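Colleague: Top to bottom, those sequences are chains A and B. Each residue of the first sequence is one higher than the one before, starting from -9 at the first, in my numbering. Each residue of the second sequence is one higher than the one before, starting from 682 at the first, in my numbering.
Read the hints as simulated data drawn from the structure, not as lab findings. Being a predicted model, the structure only gives us computed values, none of them experimental. By construction, the Cβ of each residue, glycine as well, lies at the ideal position given by its N, Cα and C atoms. Any given hint could turn out to be false.
As the list claims (entries may be wrong) - Label pairs and their computed distance ranges (CB to CB):
1. A:Gln671 x B:Lys684: 30 to 38 Å
2. B:Leu699 x A:Arg582: 47 to 55 Å
3. A:Pro413 x B:Pro801: 52 to 60 Å
4. A:Arg434 x B:Gly764: 50 to 58 Å
5. B:Gly737 x A:Glu396: 53 to 61 Å
6. B:Gln766 x A:Pro740: 49 to 57 Å
7. A:Glu153 x B:Lys684: 46 to 54 Å
8. A:Asn73 x B:Gly737: 17 to 25 Å
9. A:Val16 x B:Pro801: 54 to 62 Å
10. A:Arg434 x B:Pro801: 51 to 59 Å
11. B:Gln766 x A:Glu553: 47 to 55 Å
12. A:Arg24 x B:Gly764: 18 to 26 Å
13. A:Arg24 x B:Leu699: 20 to 28 Å
Unchecked claim - Anything over 12 Å on all C-beta distances counts as not near chain B; from chain A, calculated:
14. Asp14
15. Leu86
16. Tyr131
17. Gln220
18. Lys408
19. Lys428
20. Asp431
21. Pro436
22. Gly511
23. Gly620
24. Gln645
25. Gly729
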Amino acid sequence: MAANSHGKTNGSTRWVGTRPVRPDGVDKVTGRARFGADVHLPNMLVGKVLRSPHAHARIRSIDTSAALALPGVKTVVTRDDFNDLPSEFVPAGEMLVNYRDVVRNVMAREKALFEGHPVAAVAAVSEKVAREALALIKVDYEVLPHVLDVVEAMAPDAPLLHEDMITAGVDPAPTTPSNVAKVVEFKIGDVEAGFAEADIVIEREFSTQPVHQGYIEPHSCIANYSEDGQAELWCTTQGHFVVRGHCAKLLGMDVSKLRVTASEIGGGFGGKTVVYLEPVALMLSRKSGQPVKMTMTREEVFQASGPAAGTRVWAKVGMTNEGRITAGEAVLKYQAGAFQGSPVQPGCMCAFAPYDLAHVKVVGYDVVVNRPKVAAYRAPGAPQSEFAVESIIDELAKRIGMDPVELRLKNAAKEGTKAAYGPTFGPVGLVETLEEAKAHDHYRAPLKPGQGRGVASGFWFNIGGETCATLNLGEDGTIALVAGTPDIGGSRASLCLQAAETLGVDVERIRPLIGDTSTLGYTFLTGGSRTAFASGMAVVEAARDMIRQLCERAAKIWDIPAEAVEWIDGEARPAGSNAGEFEPLSLADLARLAGKSGGPFVGRAQINAQGAGPSFGTHIVDVDVDRETGRVTIERYTVIQDAGKAVHPSYVEGQLQGGAVQGIGWALNEEYIYDDKGRLQNPGFLDYRIPVCSDVPMIDTVIVEVPNPTHPYGVRGVGETPIVPPMAAIANAVDSALGLRFTDLPMSPPRVLKALGDARVPEAA
Amino acid sequence: MAKAHVTTTVNGDTVEFLCDAEQTLLDVLRDELYLTGSKEGCASGDCGACSVIVDGRLVCACLMLGVEAEGLAIETIEGMADGDQLHPLQTKFLEHAALQCGVCTPGFLVAAKSLLERNPDPTEIEVRYWLAGNLCRCTGYDKIVRAVLDTAEEMRGG
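Make the full structure from the sequences, and use the hints.
Modeller: Set out below in structure tokens:
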């Protein structure tokens, strides 16, 4: 057996699937872990941003002279400090970004396009002085009419955000500009023929509000630009290589001259995949010659960092009386915020993905509005479109009196299903999650009077991509694992388990580190639920590389061919009696002999991970509606999801629980409230209320494992799918409780009360 | 304006610092004393990431001025472990995987410690309401609540 074929799983695992304490755990329970804002450098300045008070305004002039004259102010930057960049689309997270827009989002140029849009920034000896300086900057604005709503923004007479924006994806191209950046379409079969086969057709319009990722750690960074043109950047990010690329582009630097270190990250959920402060801090540091630290306030996080897109979705589904879905159609209108690039495309692709359908058509519109540019938020685009479709599926089931899980089982996508967006699914676990739901105690438990139960399924693609990893063998046989994907929820634990499994050594002997951008090759960011999968694959590859070297070394020591050595349970052994009689050489033995036998051992991998397995989930929720206050209480919640293989089951459960509770917030409470001038009225956690501990019950989880054949241990990404089903599951449960179908989110107490009043439901339950 | 001179006790040690009148206790802990375990998530008392114990009372360090700390005893996350012995809550949070990103964790631990000092046998509902001032966006609270209940049980039995 060739040495490099070792380390494959045979189905039973020693480490993968166990629940050790995470390697970074103690630092995080003692306050020792260093997050974005936890670092101070000698001679450091504090940077602050001046932001537009207007939702839409032309910037006639900016006068910074008084600010610069204030003692303690070291420098000021404005649009004049950043070169304009041409229109060019590059991947960032699960979206594409355009540098023409990135440079404008970081610092407004011609116009301020949303309240909170950066207009200038100062670096000063203290935060106090920096704040005083901001008040001295004079900006001459010409206030323009603004537009916040996606449908209003599409109207022919709407205020134009970008006077040169011509809708892409329309043939022939329009001759006049509009706020519609792009139109996309996905179809399979012939929806008209499909609807003709249907006995029942339901169509409805839905709306969702923008919601913020709500990470508890605000954006923060420290830039240290040296006189020789090199710079270091410390920041909280989901992808420091992506930050390096964006900053180098905006600052006109070689990427090799910018070393970016990812701090511990206090939540991201997609929102820390883009740059806001980082290029500004670098520019302030370049101009001042001193390190500059910048941290957003919570208000700035809400005003100026990316929410998930607010949407209008029209959807239509046809079904036979026997429960066979014959066709699905949808039109999606997604807010992009101030610059194009909403996740409407993945929204289109995911809308009907849970179903095996012959006829599907989905059209999506990417629309700019005077709000902060949207950023990825956990399965970007999917929750909004699947909310619409999963609500109609529930209504169809109720119409024919069929169990909603049964209806989904009858139509579920499975291995071999051709998805409307193109690919044919390999092994996927939707049917398994539905079977688990049907069999679950929760699904059969009796409800109290007035309560309702709802079910919904959800889908997310998951991604792979460029990934590097290194394993450095120490002289005592312990290992330093270096990965390039910031650990946002326990991935270091998962990577160590996969390395331990492959090498056959105790997981405690492996210490992980997220390397900076100079220690590893380009590694795409933590997003798309790719880290346990793609960095996992890279770590397994690196372990196999090390095993190959270890076997070759043992062969050299024993003076036998490398092919005659195999790696079993963490040691090199002669492969069978023909190879000769030798005492096995353990990892520690070989590490100790390294210097004398040929040099150190470093296992490396640089891969472009392919074959990320999609993940399906099914959620069951029971709600109770208070008919006097309109409050919807989550009484019981169960998440069932396919993880492929749960490497560290506790952290898989954590993803399922956390995603579900974010979905509960999206469904019931979270929304941005603007005044008539386009100013955000609730930029804080008091008025933008995310779920708190007393709002939710325990979140039960069931992990289904349908292995992903492309990963050595069968791993699929799990982080994003859990936020997809909750909105529809809860709307379906509220409908079961009240007989009222909510199509607009959030189902907050005022809206529920209004709907109860409109339906003339007696107040006393 | 000249800075104020403040003498206080932090995690049992006498500490002196100078601070501006408008600096919060959290600013002082983080930026003057470099005790960065207490986090700033909101600066408005809504997220609880800066939870500390002041003279036995659980408070948000962002809602108290540094000058108000004169003569008081402050306990932060940095003082929670006893030397190299983790507090049982810290151990249980690790065992239960009650953290993901970990930025809210110091605040939850300090708040939970304060709860167990008052109520060694809390119900799930009592834990949930006591911790309702601490926001966590990663975990959905499930494993946090379990870790606190398990710690309480262990400390009662211990």
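Colleague: Determine for every hint whether it applies to the structure shown.
Modeller: These are the hints, each one checked on the structure:
1. Checked against the hint of 30 to 38 Å, the pair Gln671 (chain A) and Lys684 (chain B) passes, with Cβ atoms roughly 36 Å apart.
2. Between Leu699 (chain B) and Arg582 (chain A) the CB atoms are about 54 Å apart, so this pair conforms to the stated range of 47 to 55 Å.
3. Between Pro413 (chain A) and Pro801 (chain B) the C-beta distance comes to about 56 Å, which sits within the given range of 52 to 60 Å.
4. Separation of Arg434 (chain A) from Gly764 (chain B) is about 51 Å and conforms to the stated range, judged on CB atoms against 50 to 58 Å.
5. For Gly737 (chain B) and Glu396 (chain A), the hinted distance range of 53 to 61 Å is satisfied, since their beta carbons lie about 57 Å from each other.
6. Gln766 (chain B) and Pro740 (chain A) have their C-beta atoms about 50 Å apart, which keeps the hinted 49 to 57 Å range intact.
7. Distance hint check for Glu153 (chain A) and Lys684 (chain B): the Cβ-Cβ separation is about 51 Å, which falls inside the suggested range of 46 to 54 Å.
8. Distance hint for Asn73 (chain A) and Gly737 (chain B): a CB-CB separation of about 57 Å, inconsistent with the stated range 17 to 25 Å.
9. Look at Val16 (chain A) against Pro801 (chain B): about 25 Å separates their beta carbons, and that is not inside 54 to 62 Å.
10. A hinted range of 51 to 59 Å is violated for the C-beta pair Arg434 (chain A) and Pro801 (chain B), which are about 37 Å apart.
11. A beta carbon spacing of about 51 Å between Gln766 (chain B) and Glu553 (chain A) agrees with the range 47 to 55 Å that was offered as a hint.
12. Checking the proposed 18 to 26 Å range against Arg24 (chain A) and Gly764 (chain B) shows it holds: the Cβ atoms sit about 22 Å from each other.
13. The beta-carbon spacing between Arg24 (chain A) and Leu699 (chain B), approximately 25 Å, falls within the hinted interval of 20 to 28 Å.
14. Asp14 (chain A), annotated as away from the interface, has a beta carbon of chain B within 12 Å; the closest lies near 8 Å.
15. Interface exclusion of Leu86 (chain A) from chain B stands, the closest Cβ pair being 26 Å apart, more than 12 Å.
16. For Tyr131 (chain A), the requirement that its beta carbon stay farther than 12 Å from each beta carbon of chain B is met, with the minimum near 28 Å.
17. Distance check on Gln220 (chain A): its Cβ is at least 27 Å (rounded) from any Cβ of chain B, clearing the 12 Å threshold; non-interface status holds.
18. The Cβ of Lys408 (chain A) lies farther than 12 Å from every Cβ of chain B, with a closest approach of about 35 Å, so its non-interface assignment holds.
19. Every C-beta of chain B lies more than 12 Å from that of Lys428 (chain A), the closest at about 23 Å, which supports listing it as non-interface.
20. Interface exclusion of Asp431 (chain A) from chain B stands, the closest Cβ pair being 17 Å apart, more than 12 Å.
21. Residue placement check: Pro436 (chain A) keeps its beta carbon more than 12 Å from all beta carbons of chain B (closest about 21 Å).
22. Under the 12 Å C-beta cut-off, the non-interface status given to Gly511 (chain A) relative to chain B holds; the minimum distance is some 26 Å.
23. Residue-level check passed: Gly620 (chain A) sits 20 Å from the nearest beta carbon of chain B, beyond 12 Å.
24. For Gln645 (chain A), the non-interface assignment is contradicted: its Cβ lies about 8 Å from the closest Cβ of chain B, within the 12 Å cut-off.
25. With 12 Å as the threshold on Cβ separation, the claim that Gly729 (chain A) sits away from chain B holds: the shortest Cβ distance comes to roughly 29 Å.
Violation of the numbered hints given earlier is confined to hints 8, 9, 10, 14, 24; the remaining hints are satisfied by the structure.
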